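J.: Using the sequences and the hints given, assemble the complete structure.
The chain contents come next:
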Amino acid sequence: MNMRKVKVQQKILIANEEFASRNRTFLAERKIPCLNVISSPGSGKTTILTKTIQELKGRVKIGVIEGDIQTDIDAQRIRTTGAPAFQINTDGACHLSAAQVSAAFHKLPVDSLDLIFIENVGNLVCPSTFDLGETAKIAVLSVPEGDDKPAKYPAIFARAAAVLINKIDLLALADFNIEKVKADILKLNKDVKIFPLSAKTGDGLQQWCAWLYEMVRNKTR
Amino acid sequence: MHEASIAQSVFEAISAEAKKQKGRPVVAKISCGAFGGVNNEALLFAFEVISKDSICEGLKLNIEQKPIQAKCKNCDYTFVFDLHKPMCPKCQCEDFDLLPDAPLLLEEIEFEDK
Chain A
1 MNMRKVKVQQ KILIANEEFA SRNRTFLAER KIPCLNVISS PGSGKTTILT KTIQELKGRV
61 KIGVIEGDIQ TDIDAQRIRT TGAPAFQINT DGACHLSAAQ VSAAFHKLPV DSLDLIFIEN
121 VGNLVCPSTF DLGETAKIAV LSVPEGDDKP AKYPAIFARA AAVLINKIDL LALADFNIEK
181 VKADILKLNK DVKIFPLSAK TGDGLQQWCA WLYEMVRNKT R
Chain B
1 MHEASIAQSV FEAISAEAKK QKGRPVVAKI SCGAFGGVNN EALLFAFEVI SKDSICEGLK
61 LNIEQKPIQA KCKNCDYTFV FDLHKPMCPK CQCEDFDLLP DAPLLLEEIE FEDK
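Protein chains in written order, with the working numbering: chain A, 1 to 221; chain B, 1 to 114.
No wet-lab data here; the hints were simulated from the structure. Keep in mind the model is a prediction, meaning the values are calculated, not measured. Treat the hints with care, since some could be wrong.
Pulled a few chain B residues facing chain A out of the computed Cβ check, cut under 10 Å [to be verified]:
hint : residue
1    : 4
2    : 5
3    : 20
4    : 23
5    : 26
6    : 32
7    : 35
8    : 36
9    : 38
10   : 68
11   : 94
12   : 95
13   : 103
14   : 109
15   : 110
Below are the DSS-like pairs computed for lysine-lysine, each with C-alpha atoms no more than 25 Å apart in a straight line [unchecked claim]:
hint : chain 1 : residue 1 : chain 2 : residue 2
16   : A       : 193       : A       : 31
17   : A       : 190       : B       : 85
18   : A       : 193       : B       : 71
19   : B       : 29        : B       : 60
20   : B       : 71        : A       : 180
21   : A       : 107       : A       : 31
22   : B       : 71        : A       : 152
23   : A       : 5         : B       : 52
24   : A       : 7         : B       : 29
25   : B       : 66        : A       : 5
26   : B       : 85        : A       : 152
27   : A       : 193       : A       : 180
Under 8 Å between C-beta atoms, here's a sample of chain A residues computed to sit facing chain B [stated by the list, open to error]:
hint : residue
28   : 5
29   : 7
30   : 94
31   : 187
From the three backbone atoms N, C-alpha and C, an ideal C-beta is built for every residue, glycine too.
T.: This is how it looks when you write it as structure tokens:
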């Protein structure tokens, strides 16, 4: 019996990457920025999005692709703001794929939008590995999760264009050293924007929305 | 648990290559970057389940985890990044660039010819 070694050197996630690249072209042709929002479950992604949509109402037309294992609760919450939303159910999968997002673009009135959010499945690990063709990744970390998360789950913080530290209204109740969190994130990613905010009280929301508004204006100009 | 979808992609890539090579794949080597978040045990288990009753059944999958590298901006030295000690081991400079994470790659396959 003969043994034969064959060099392959092939990217394993090539199928996902092809869809991601198609999504990137689709967005670039329409000059629409698209942000892939990634966090643990319960960090407040959907609340941040509803408050962001309200804050930018009349200035930026936002559409949302929601990813969850089950239910369309989140898409319904987005629609109460008047913004269009499409819900993807992954039926158990821990992340969205570029193919799912590609199909979802056609379920939104894309040509009338200035900005698309993709709210990924709540999970700090898996979604960061799968490129969706987004313009940028946004990480959300909330105060009750603890200040060790950037050190424990570095991948998403290293790849994000912005990190939102949510629920800062709970800082007085939690052992959360926000300066340490900022320093840990900057060690992984020195170009990242960090926005401490509370989606509940609205504190810090304006700085985040101003950043978004600037990005949309630069893209469509 | 994204290892299940990665295992499926690994399985498809090896099966496609096996069709071309007309042999039975017995060993395969894949590599991934530390930020890829691949758990070896979960990937091996998922692959074992997916490859059952196929040409890949019993294949030995070797996984190489590649650490994150950084390049010092002061002395250009390339080193393994450690979040708990983020500095150049040569000149102790704390100003460096993280190099891109290694992609998930199917490196090579060993085939058994009859």
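J.: Next step is simple, just say for each hint if it's right about the structure.
T.: A quick look at each hint next to the structure:
1. 4: holds (8 Å)
2. 5: It holds, given that the least Cβ distance between residue 5 of chain B and chain A is near 7 Å, below 10 Å.
3. 20: With a closest approach of 9 Å, the residue 20 of chain B hint holds.
4. 23: holds (6 Å)
5. 26: holds (8 Å)
6. 32: holds (8 Å)
7. 35: holds (4 Å)
8. 36: holds (6 Å)
9. 38: holds (8 Å)
10. 68: holds (8 Å)
11. 94: holds (9 Å)
12. 95: holds (9 Å)
13. 103: holds (5 Å)
14. 109: Hint on residue 109 of chain B: holds, closest Cβ of chain A at ~5 Å, below 10 Å.
15. 110: The hint holds - residue 110 of chain B has a Cβ within 10 Å of chain A, the shortest such distance being about 5 Å.
16. A/193 / A/31: Status holds; Cα separation ~22 Å.
17. A/190 / B/85: holds (16 Å)
18. A/193 / B/71: holds (22 Å)
19. B/29 / B/60: holds (9 Å)
20. B/71 / A/180: holds (23 Å)
21. A/107 / A/31: holds (18 Å)
22. B/71 / A/152: holds (22 Å)
23. A/5 / B/52: Judged against 25 Å, a Cα distance of about 23 Å means the pair holds.
24. A/7 / B/29: Holds, at roughly 10 Å.
25. B/66 / A/5: Holds, at roughly 22 Å.
26. B/85 / A/152: holds (14 Å)
27. A/193 / A/180: holds (15 Å)
28. 5: At about 5 Å, which falls below the 8 Å cut-off, the nearest Cβ of chain B leaves the hint on residue 5 of chain A intact, so it holds.
29. 7: holds (5 Å)
30. 94: Status holds, d = 5 Å.
31. 187: With a minimum Cβ separation of about 5 Å from chain B (threshold 8 Å), the hint on residue 187 of chain A holds.
Hint violations for this structure: none, all hints satisfied.
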